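Participant: Chain by chain, the residues run as shown.
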Amino acid sequence: MSDKKNNFEYEEFVESFNPRDDETPLCGVETAIHRGDAYQKATGAQKYVADLKFPDMIYARMIRAQVVRGKIKKITVPALPKGYYFITEKDIPEGGKNCLNMIASDWKCFAAGEVRFKGETIGLLCGPNREQLFELEKQIKIEYIEEEAATTIEEGLACKGGAFVNDNNIHCQLKLEMGDNVDEIFKTAPHVFEDTIETGYQEHLYLETNGMIVTKENNKYILYGSLQCPFYVRKSTYTLLNIPIEDVVVRQISTGGAFGGKEHFPDILAGPLLVAEHKIGKPIKLIFQREEDIEYSVKRHPSKIVFKTATDDEGNILAMDSIVYYNVGGYLASSYVVLQRGCFHIMGCYKFPSARTRGYGVATNCYPSCAFRGFGAPQAIFAIETHMSHLAKHFGIEPLQYKKKYLIKQGDTTITNGKVVEEVQCPKMIEQLTEASDYYRKAKEYGYGSYKGIGIAFYNHGGAFTGNGESAIIKGRVRLTKNANGTVDIFCGQTEMGQGINTALRKIAAVTLGIPMSKVNFNAPDTSIVPDSGPTAASRSTMVPGYLIEKAAIEMKERWNSEDSFSVERQYQHPEGYPWDQATFQGYAYLGYGWGCAIVEVEVDKRTSEVHIKGVWSSHDVGNCIDKRIVHGQVNGGIAQGIGWASTELIQNINGKFKEKSMSDYIVPTSMDIPEQKVFFANSPYEWGPYGAKGMGELVFNGVGAAYIDALSRAINRDISKIPVPSEYVCDHVLHGTNSCLIEEKK
Amino acid sequence: MGVNSYLPKTLKEALEIRKDHDTIILAGGSDLMVGAFRATGVTPEFDKDVVIIRNLPELKGIKKNEKGELEIGALTTSREIASNPDVPWILRQAAGKMGAVGLRNSATIGGNIANASPKGDTPGPEYLLDARVVVESLDRGEREIPVNEFVLKLKTVAIEKDEIITKIVLPYGDDDFDNFFYHKIGRRYANAISKLTLCSAIKFDGDVITDFRVATTACGVKTNRSRDVEKILIGKKRYEIPSLIDEVNAQYEALLTPRAMPEYRKYSTKCMISDFLMKVSNNTAEKFNE
Amino acid sequence: MDKRIEFTLNGKKVFVVTDPLNRLLDVIREHFGLTAAKEGCSEGECGACSVLLNGHLVTSCIIPMGAVDGQNVETLEGVRETELGKIIVDAYADGGAVQCGFCIPGMVMATYYLLMNNHNPTEEECRVGISGNICRCTGYDLIIKSMMLAAERARRILWA
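Chains as they are written, first to last, in the numbering used here: chain A, 393 to 1139; chain B, 613 to 902; chain C, 4 to 163.
Just so you know, these hints were derived from the structure itself, not from any lab.
It is possible that some hints are incorrect.
[Stated by the list, open to error] A few chain B residues that don't get close to chain A, going by computed Cβ distances all over 10 Å:
1) Thr-655
2) Pro-854
3) Thr-869
4) Glu-875
[What the hints assert, rightly or not] With a straight-line cut-off of 20 Å between C-alpha atoms, the simulated DMTMM-like cross-links for lysine to aspartate or glutamate are:
5) B:Lys-621 to C:Asp-72
6) B:Lys-731 to B:Glu-898
7) A:Lys-844 to B:Glu-902
8) C:Lys-6 to B:Glu-902
9) A:Lys-530 to B:Glu-902
10) B:Lys-815 to B:Asp-742
11) B:Lys-631 to B:Asp-742
12) B:Lys-660 to C:Asp-93
13) B:Lys-621 to C:Asp-93
14) A:Lys-439 to C:Glu-9
15) B:Lys-773 to B:Glu-754
16) A:Lys-1020 to C:Asp-72
17) A:Lys-743 to A:Glu-815
18) A:Lys-998 to B:Glu-902
19) C:Lys-6 to A:Glu-815
20) A:Lys-1070 to C:Glu-127
21) A:Lys-998 to B:Glu-898
22) A:Lys-1006 to C:Glu-126
23) A:Lys-1006 to C:Glu-127
Since this is a predicted model, take the numbers as computed values, not measurements.
Glycine included, every Cβ here is placed at the ideal spot set by N, Cα and C.
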């Protein structure tokens, strides 16, 4: 053995973990245990959709529109050999509707007549031999009448080429106000500043591309897919065939990463597959190649947020107005809800005397944007954090000191005129992280322009569906069944996509019932078996279904000894006394926020503008950790994705076409890009969550991008208002950037 | 449909195939297989017959020739180059920073020059060290071509239809210069294609510069090097360097023809050259600098 | 044109009649049914398809079958049966390295390759060892810790 020193603390790492299955109930929910899926996955035994084969299975390739905007003039299909099919809108049976029911139902299953963006589905080419499909695809000729397209927020708003949604290309909008009328304050305020912050597209880049297999069993359509929300797929597609919703059965297969990218998007595969199955009647497999998956799938919404902020001479904020634009793309789909969440988070972790925001979802001829970890909140949080840093710098106040003054507290009013219900742990996080990172010394020493920088950001994320959506819209139900042999089955629709929900939910049941983990089963959901417990989205799976499982397990425990086999079902009820009006967006938007603070330290190579990350410290309030190691892994992953979003993950939509199409073009962090993260918690238990736990999967993404940009801005003494910032953009800021991007309104 | 592929077991067999057929040579595959890929379960598409030479034993390994020059077999992988102490530091750096572990076990030095990509990792040091490419055919035996003449233009090299690259010869090594500089700017810190790479070396006799070289990759269709620019410093004294840096940079920049990010690539090149030369001038440079 | 390609797969002599340009990844997954190796990027970039070719880690999506003729291929299905392979799998499970799991077979192969060649890797060396394996879930930290854990256990059990 060599005498090389490594800093791995073996004992500490091993002791923070309890592998004894029978001891799980004694250890409580926090202690790390084996994930239920760890061995299957680490040995390579776990099957994903691409690994599945069915007898007589054929393959499909998706044929897509290749113009950015236009009309389909003519589709010429070559003579197809026996066993090959080209499925289009014409194959939808009578009574079926050519649409996918996401939150809105505007996204068509097959483009018919109009093409709104490059990559819109035209048809599905199906047949037994993949080589042959490839050759046939080349022979399909589609003629278009091309039209002038609008692809950026600005072009969308200007209705370039003519409006194609409403008469103004606005898919959706909303307005929120709290405090006094901001326009009145602007008239008399000593200073009014304008600041424009922009964020780019972000690709999910789950390691497993989208894939689905359709087949038929007993006259029902069965969809096996890599997906987050089996009930969403069912609801979205059954109207295509005009059949009862129960005749579409969705079975989730182990999902190789999703991050929101498999929340609604699997419908795009499921719809055409269902129509194809109706015609062909054989198992059909559709797996996206990586290039297809990058170029033709949903992404995080690009945003442009314009702040107008009134201050006094000392920099005290009197009022803040903002206009939030999200690039929604060709179809609305889920974007109104994304925009709402963005606007609800526009004040970040702060409270200002008066505030207003107006949000607009802009229609463009781009591939539609959709859910991505954070669901609209990260763009707003990046914007407010960056704007606050700009204001601090303008007034010569150290950014942490400036931000600290405005941190929201329990009982404070939010932008929807509800109150913050819980105790906000940000002050504790400041203590933890400034000490661990030596923030105050470094902030002073590095200052602005030393090519070293340290930055800080605060962030939150409202857990679960907005307001009373969980009880009014989702109506999630879970069921626990005790079997005669003493095992317990969990029935709910939550999906394991890597986040650890399978382990977390089983653990909640096992600990509550006081039985070993091995006695609690939870299989990947099948919509014909499990109750609809709502989507695996919105950071709700532990917080809401997990809570229902805890409640069901409490009842089950009481009846445990008196009954051999029985089931307990629970449905979510919104707590009394926290009203919400979905029509006016007024009231308590979220009862339980996750809170976070991140500090990032960077060093910039003066010669090459390369940014080296020297340290990342984060602290989060997740209520309680249902398995510390799973939560730790979520923090690490969310932070890496958040830094990627702000730094290297550039994906450019140029005139409606994505330029970066491969994993060598689209640059996500490797193991060499971010050093070991320091992870802290400052938990404040949530009254209506299992063991106090609240949502955390999205929270951990939301703010670190702003901390990174704060650190980088200080290092090069330039205000950075747009992400991502790969090194060539850093160089551009150094050479041509400004160290003061606030525009003061002339009185 | 479909092309023929040949699987020679020896160099002689491979040369016979090259003589008798119009073929594409497939070495490590890290570039050609990516280009030929169509879809899962579909045979990669080549427009000519393919001769797969990945495992030819004659073309592997690193040794010194009778003149003391280092000869690197064309199928030597980047990992083998990066981990061999006989290889000059600057080429070890380039090979060791190519892609990541798995790629470095496939990519070969011969393939890296044959694909004539301006973003290739190992050509930079080869240009800097006046490497020669050795090609062989059955009819004409071996011939040697200086690397800068071997690469004709983007994706085109001076190889005849019946030839195979057999080795790369390096006439210079670590002892031939006093200071070296190598810096690759990737789009991230591993597993990255070069955004810009600068290689440089300088040699003194006492205080007099007897040789100076600088080469840039990913900054035009070919690796950039010019003896005229290098001559600005050759024959000058160490203390004269600072006064000549601007001239070196101005003339060197005129060679650079990046298609994308022109300002970034030119500015970073200038900064790296200045930084290296200032350290050399101040006597604060290490033997090997990054 | 199909050819008969003979090679050693996880210690057994096997053959396949196939176009020598077909990818090793497709052949092991579809012909031999060994689906641990995953298709992630199809361009040698993400490492999900990693296997050992003559003892060296390679991305099987860019290896043509013609290059495998007469050579030795090991996949995770073989490696997981070895003593070191078992230690690595255990460490990944204990250390919380696994999330969605799609990159993990490649990660385990890269870890195996590293530890075969370096019994006492530093954190930095572990980071280099998996730098060709993209993971989108974990941020890598718990994978790195699990690699260190595997190395420590292998030193105690296998290499003492």
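Participant: Compare the structure with each hint and give your call.
Facilitator: Quick rundown of the hints versus the structure:
Consistency note on Thr-655 of chain B: stated as away from chain A, yet its beta-carbon is not over 10 Å from all of that chain's, at 7 Å minimum. Every C-beta of chain A lies more than 10 Å from that of Pro-854 of chain B, the closest at about 17 Å, which supports listing it as non-interface. Thr-869 of chain B, annotated as away from the interface, keeps every beta carbon of chain A farther than 10 Å; the closest lies near 17 Å. Distance to chain A contradicts Glu-875 of chain B as a non-interface residue, since its nearest Cβ pair spans about 7 Å, not more than 10 Å.
For the suggested pair Lys-621 of chain B and Asp-72 of chain C, the alpha carbons sit about 10 Å apart, so the restraint of at most 20 Å is met. Straight-line distance between C-alpha atoms of Lys-731 of chain B and Glu-898 of chain B comes to about 27 Å, which puts the hinted pair past the 20 Å bound. As the CA atoms of Lys-844 of chain A and Glu-902 of chain B are separated by approximately 19 Å, the hinted pair is consistent with the 20 Å bound. Between Lys-6 of chain C and Glu-902 of chain B the alpha-carbon distance is near 48 Å, which puts this suggested pair outside the 20 Å criterion.
Distance check on the hinted pair: Lys-530 of chain A and Glu-902 of chain B sit about 48 Å apart at the alpha-carbon level, beyond 20 Å; violated. As the CA atoms of Lys-815 of chain B and Asp-742 of chain B are separated by approximately 15 Å, the hinted pair is consistent with the 20 Å bound. Taking the CA atoms of Lys-631 of chain B and Asp-742 of chain B, the gap is about 29 Å. The hint is violated against a cut of 20 Å. The suggested pairing of Lys-660 of chain B with Asp-93 of chain C is violated, with an alpha-carbon distance near 47 Å, which exceeds 20 Å.
Proximity of Lys-621 of chain B to Asp-93 of chain C is assessed by CA-CA distance (about 41 Å); at most 20 Å being required, the pair is judged violated. Restraint check for Lys-439 of chain A and Glu-9 of chain C: not satisfied, since their Cα atoms lie roughly 28 Å apart, outside the 20 Å limit. Restraint check for Lys-773 of chain B and Glu-754 of chain B: satisfied, since their Cα atoms lie roughly 14 Å apart, inside the 20 Å limit. For a cut-off of 20 Å, the pair hint linking Lys-1020 of chain A to Asp-72 of chain C is broken: about 48 Å separates their Cα positions.
With a CA separation close to 14 Å, the supplied pair Lys-743 of chain A and Glu-815 of chain A stays within the 20 Å bound. Pair hint Lys-998 of chain A plus Glu-902 of chain B holds up; C-alpha atoms about 13 Å apart against a cutoff of 20 Å. Using a Cα cut-off of 20 Å, the hinted pair Lys-6 of chain C and Glu-815 of chain A is violated, with the two alpha carbons roughly 70 Å apart. Simply put, Lys-1070 of chain A and Glu-127 of chain C have alpha-carbon atoms about 17 Å apart, close enough for the 20 Å limit, and the pair holds.
Annotation: proposed proximity of Lys-998 of chain A to Glu-898 of chain B holds, straight-line Cα distance about 19 Å (limit 20 Å). About 15 Å separates the Cα atoms of Lys-1006 of chain A and Glu-126 of chain C, which keeps this hinted pair within 20 Å; it holds. Note on Lys-1006 of chain A and Glu-127 of chain C: the hinted pairing holds, with a Cα-Cα distance of about 14 Å set against a maximum of 20 Å.
When each numbered hint is compared with the structure, violations occur for hints 1, 4, 6, 8, 9, 11, 12, 13, 14, 16, 19.
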